[in-house]
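Asks: Sequence:
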Amino acid sequence: MILEYIDAALSKAKYERLDEGRDRYYGEVPVLRGVWATGRTLEECRSTLLEVIEGWLIVRLRKGLTIPPIGNRRISPPRATRVGT
Numbered sequence: 007m008i009l010e011y012i013d014a015a016l017s018k019a020k021y022e023r024l025d026e027g028r029d030r031y032y033g034e035v036p037v038l039r040g041v042w043a044t045g046r047t048l049e050e051c052r053s054t055l056l057e058v059i060e061g062w063l064i065v066r067l068r069k070g071l072t073i074p075p076i077g078n079r080r081i082s083p084p085r086a087t088r089v090g091t
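The sequence shown maps to residues 7 to 91 in the numbering used here.
Simulated from the structure, these hints should not be mistaken for laboratory data.
Check before you lean on any hint, since a few could be wrong.
[Unchecked claim] With a Cα cut of at most 25 Å, we get these calculated SDA-like pairs of lysine to any residue:
hint, residue 1, residue 2
1, Lys69, Arg46
2, Lys18, Asn78
3, Lys69, Gly45
4, Lys20, Leu38
For clarity, every value in this text was computed on a predicted model and none was experimentally measured.
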């Protein structure tokens with residue numbers, strides 16, 4: 007479920023080459039607010055973007071925040087369970 011969500015997020019990523027004199031790339035996933043990365047190569051940028059998505063998901067899940075669907079891919083924060091008293 008999470009891997010499919012990450013793959014869907016990466017499929018929505020937009021990349022651009024920064025400063026033509028130096029190889030730098032910028033990538034973002036517009037549907038995931040605040041998810042962006044840079045790298046010296048396109049592959050490095052993509053790899054870093056993958057790590058950013060993973061970290062973004064972990065933070066949102068830990069805090070119980072909503073995660074926007076990407077196509078038919080959805081992740082819901084776990085519901086709090088009550089431990090017996």
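Asks: Would you mind marking each hint as holding or not holding in the structure?
Replies: Going down the list of hints, with the structure as the test:
{"no.": "1", "hint": "Lys69 <-> Arg46", "verdict": "violated (32 Å)"}
{"no.": "2", "hint": "Lys18 <-> Asn78", "verdict": "holds (13 Å)"}
{"no.": "3", "hint": "Lys69 <-> Gly45", "verdict": "violated (29 Å)"}
{"no.": "4", "hint": "Lys20 <-> Leu38", "verdict": "holds (12 Å)"}
In this structure, the hints that do not hold are numbers 1 and 3, in rising order.
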